[in-house]
Amino acid sequence: MAKELIKGNYAVVKAAILAGAETYFGYPITPASEIAEGAALYFPKLNRVFLQAESEVASINMLYGSGGAGVRTMTASSGPGISLMQEGISYAVGSEVPCLIVNVQRAGPGLGNIAPEQADYNQSVKGGGHGSYKLIVLAPNSAQEMCDLTIKGLELSDKYRTPVVLLSDAFIGQMMEPVDFPDPLPQKDQPKKPWATHGTKETMRSIINSIYLEPLEMEDHINRLLSKFKKIQENETMHEEYMVQDAEILLVGYGITSRVLMEVVEIARKEGIKAGLFRPITLWPFPNKRLVELAEKTRDILVVEMSDGQLFEDVKLQANCKKGIHSYTRMGGIVPTSTEILQKVKKIMGRN
Amino acid sequence: MMQKVYRKPKGFYDDFFRNPSPDKKTTHYCPGCGHGIVHKYIAEAIEDFNIGEKTVWVSPVGCSVFGYYYFDCGHQQAAHGRAPAVATGIKRSKPESIVISYQGDGDLAAIGGNEILHAANRGESITVFFVNNSIYGMTGGQMAPTTLIGQKTTTSPYGRNAFNEGHPLKMSEILSQLESPVYVERVSLHDTAHRNKARQAIRKALQIQIENKGFSFVEILSMCPSGWKVSPVDALKWIKENQLPYFPVGVYKDVYSERKTKEITKRVWDKEKIVQALDLDRRIESYPRSKPKKEIFEEPKVKIAGFGGQGILMLGLLLAESAMLTGKEATWIPSYGPEMRGGTANCHVVIKNGKISNPSVDKPDILIAMNQPSLERFEKEVSDQGLIIIDTTLVKKGVSRKDVQVFAQPFADIADKELKNTKVTNTLILGALIGLTGMIDKKAIFDAFKKHITRENLIEVNKKAIDKGISLVK
Ligand code: SF4
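Same order as they appear, the protein sequences are chains A and B. Per the numbering used here, the first sequence starts with residue 1, numbered consecutively. Per the numbering used here, the second sequence starts with residue 1001, numbered consecutively.
The set of hints was computed from the structure by calculation and includes no laboratory data. This one's a predicted model, so the numbers in the text were calculated from it and none came from an experiment. Please note that a few of the clues may not be correct.
As the list claims (entries may be wrong) - Cut-off 20 angstroms, straight-line C-alpha distance, at most; resulting in silico cross-link-like pairs (EDC-like, lysine to aspartate or glutamate):
(1) B/1352 <-> A/217
(2) B/1024 <-> A/266
(3) B/1355 <-> A/180
(4) A/193 <-> B/1053
(5) B/1204 <-> B/1362
(6) A/192 <-> B/1376
(7) B/1010 <-> A/217
(8) B/1271 <-> A/217
(9) A/344 <-> B/1173
Claimed, not checked - Covered, in the sense of this in silico footprint (three residues per stretch, anywhere, with C-beta under 8 angstroms from a C-beta of chain B), are these stretches of chain A:
(10) 65-72
(11) 298-309
(12) 319-329
All residues carry an ideal CB built from backbone N, CA and C; glycine is no exception.
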C-alpha cells in the first residue's frame, strides 16, 4: 500500500482501523485531539463507531463495555484525561477487558501546558489506578511506530486480555513522517473471543466482572493476573539498540528523546566518543535483561528524559555499570537539544 | 380444578450457581426488599419476549451488584455510576443485543449523574431500570441523592436538610425534559395496582429497545426495609407516606409511537473499501533521485520561519512530501513553546537518504526567513556554508553573516505583481529553493500539490509560482 506523509496522531487512527478496531470513544484534549478528529472522520466511513463521550470517565467505561462485548476498541487522551480514566483502567485490568489507550503526553502536573513531556511514565508503568496490576506500555518514537505499535497494542491487548497504553508525546503525535501502512486484517483473522458478551446464545454465560468477595478468591484472582503479567514480562519486551557493542557511555531514553539521543550518538562518535543508545520500546515490561547485560560492559549510563527522572529511577534500580548512572532531564515542554546532551556526555567522559 | 403453578421465570437461572452461598435458590436481598420483585418482572419480560440470548445485563455498584447471580444472559459489572457508559459501549459494539442497565439511586443519581444524563441525551438504545429507595442500602444506610427532606440516615443523622444537602433529585422529571428519550415513567411497588403498572412499564421499556427506537427509562419506588429500619409491611406504608408525595408516579414522557426504528448498519470489512476509505489508495510515481548542487543539500536540515498565515507550515509540508516522493526520508514538525509566541510560526524539516535520528532542527543548513524577527532569531544558528533565503518584502535588514550563502528577493512583491496572488509567496520561495539547491525534482513537488492543495483551481497558480521561483535563480 501507499506510503503516506502523515502525522503520528493520524497514523494511530488508520492503523487501528486496519487492525480491525470497531469502536472509538473519546473526549478531546490537546495534543491528542487529532486522534479523535481522525477517528471521527474515518470510523463512520466504514460503519464503525466514533463517539465523543461526555468525559474521559465515560470514555474509558465505554471502552470497558465495548472491549467486554468482544470488539477491538480504543481511546486517546493526554495527561489530565488519562488521570480521569484511572478508575476505568483498573476495572478493565480486574475484569480482563482488552482495550487500547493512547496517551499523547503533555506537560504537567495540573493543567500544565500542551507541549511534550514524558512525566506520565510512572503513572503508566506502575499501574496508575487502585490495586496490584501492570499495564503493557508501548513507547513509539516515530510516526511509523505510532502505526505499528497501535496494531501491536491491539494484538497484545487481546492476547493477554488486558489494557495496553500507547505512551506517546506531543512531539511524536504532531510530527509528520512517511508511514508504510500494512494491509487491513481480514474479519476472519480477528481474534475469537468466546469469553465476551456478544449478546448471543453461545456467550450467555460470559461475564465481565472484578468482584471477588471472598478474600481467598480475590487473592487467587490477583495471583492469576500477576502470573499473566509475569508471562508478559518473559515474552513481550521490546527494545532498540544502536552502537552499543563498544560503548563506553550508554544513553538511555524513549520516545522523542531517543531520537535526539540517536543524533547525540552520531555526533559523539564523530568526535571519538564511544557512545551507544539503548531505547526501551516496551516501558512495561521493561527490557531490563538486556539493559543489565549492556550496563555491565559500559563505564557510564546517562538517562535522558522529559520528566523529573522517573525512568532514571527505574534504570538505577536495575542496572549496574562500572562508574556511574547519570540523569539529564528537561521539563515543562522542552525537548532537550543534542547540543546540550552532548555537553553533558562530554562532562561525564571528562572531555571538555 | 385449575392449579396455580409457582415457578421461576425463564429469565432467571434455575440455580443461582454464581452465588457463593450454599442456598442456590433464593436471592441475597433482605426480606421485603423491592429488588426481588423488580427482578421477577424483568425476568418474566425476558422470557415472554424471548430475548435472553441477546441480553447483556449491566450491574451497578450497590445492593443489585450481583444481578449476574440471577439473570440467564450475558453480564458486565460496571464501576460505580458508570453503567450507562458501559451499556453504551456494549450497545454500540453489538447493536443487536438487548442491553439493560440496572441501577440504584446512589449509583445513578449521584456518582453517575453525568453518565445517565448523557446516555439519555444521546438516546442510546438501552433500557435503564432505576430502583429508587431513597437510601444507600448496601453500604449500610447512608444518605442518597433521593433521600427525602428530614429523612434520617447514617450520614444525615439529624435528617436531610435542604440548606445543607439540597433537595432530593427527581430523575424522571429531569430526564423527561430531554429531547432524545423515548419513554420515561415512574412507578411504585407499594400495592398491587401499582405493581401491575410497574410490570407494564418494564415490558414497555424493553419493547422499545427490541424495536430499536431509543432510550427507555423506568424509575421504580422500591422498599428498603433494612435501610429505613422498618418491617417489610411498614415499608409499603413508608413508600406511600414518604416517597409518593415527593416522587409522583406516572408517565413523564412517551413518544414511542412517533419514533422510528433505527437501522443497524453492518461494519465494512472489504479490503478495497477500507483502503479507499482511509485514503491509502494513492498511486505514487517514483521520481529519480536529484543531484544537489552542494553536498550540504543532499541531507539538509531546514528551518522555515515567519508570521502565522504566510504559509510557512505548508511550505515545509510540500518540501517534506516531495522529498518523500523522490525516495528520501523526511520529517516535518511545527514549532512549539516559546518559539510560537508573538505571532511567529516555524517548522522544521529534515531530509535524509537513510533513517532520520533527530527531527528537531537546532542548526539548520537552510533557513528560510519570511520576516525580520525570524532572521534575527535564527541567523546565528545556520551551519557554516549554509543557505539563508529571505523575503526582502518584509526583511529589510539583511543577513549579517559572511560565511553563508544568501538569496534575497522581494518574494511577496513578486507574487503580488507577477502572479497576482500573495498567497503563493511560499511556493514561489520553494521554487527558488529547488532552483538554488537542485534538491528536488519539480515534478515531485507538483505531485505533492495533489495531496496538499485541496482547491483544484489553486494548483495551476502554484505551479506557475514554482516555475517563477526557479527562474529567479537563473
Ligand atoms: S439493604 Fe435495602 S435495598 Fe439492599 S437488599 Fe436490603 S432491603 Fe434491599
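Regarding the pair residue 344 of chain A and residue 1173 of chain B, is the alpha-carbon distance no greater than 20 angstroms? violated, 66 angstroms
Is it true that the CA of residue 1010 of chain B sits at most 20 angstroms from the CA of residue 217 of chain A? Since the Cα atoms of residue 1010 of chain B and residue 217 of chain A sit roughly 30 angstroms apart, the hinted pair is violated (cutoff 20 angstroms).
With a C-beta cutoff of 8 angstroms, work out whether three or more residues of the region 65-72 of chain A approach chain B closely enough for the coverage to hold. Since 7 is at least three, the answer is holds.
Pair hint outcome, residue 1024 of chain B versus residue 266 of chain A [Cα-Cα no greater than 20 angstroms]: This hinted pair is violated, its Cα atoms lying about 70 angstroms apart.
Closer than 8 angstroms Cβ to Cβ for three or more residues is the test here. Does the region 298-309 of chain A pass it with chain B? violated (count 0)
Hint consistency between residue 192 of chain A and residue 1376 of chain B [alpha-carbon to alpha-carbon, up to 20 angstroms]: violated, 61 angstroms
Hint check: residue 1352 of chain B vs residue 217 of chain A, CA-CA at most 20 angstroms. Holds or violated? With Cα atoms ~58 angstroms apart, residue 1352 of chain B and residue 217 of chain A exceed 20 angstroms; violated.
Taken at face value, is the distance from the CA of residue 217 of chain A to the CA of residue 1271 of chain B at most 20 angstroms? violated, 45 angstroms
If you draw a straight line from the CA of residue 193 of chain A to the CA of residue 1053 of chain B, is it 20 angstroms or shorter? holds, 17 angstroms
For the pair supplied as a hint, residue 1204 of chain B and residue 1362 of chain B, is the alpha-carbon distance within the 20 angstroms limit? Violated, at roughly 67 angstroms.
Counting residues of the region 319-329 of chain A whose CB is closer than 8 angstroms to a CB in chain B, do you get three or more? The restraint on the region 319-329 of chain A is violated, since only 0 of its residues have a Cβ under 8 angstroms from chain B and three are required.
Can the restraint linking residue 1355 of chain B and residue 180 of chain A be considered satisfied, given a maximum Cα separation of 20 angstroms? Holds. Residue 1355 of chain B to residue 180 of chain A sits at ~14 angstroms (cutoff 20 angstroms).
Going down the numbered hints, you'll see the structure goes against 1, 2, 5, 6, 7, 8, 9, 11 and 12, while the others check out.
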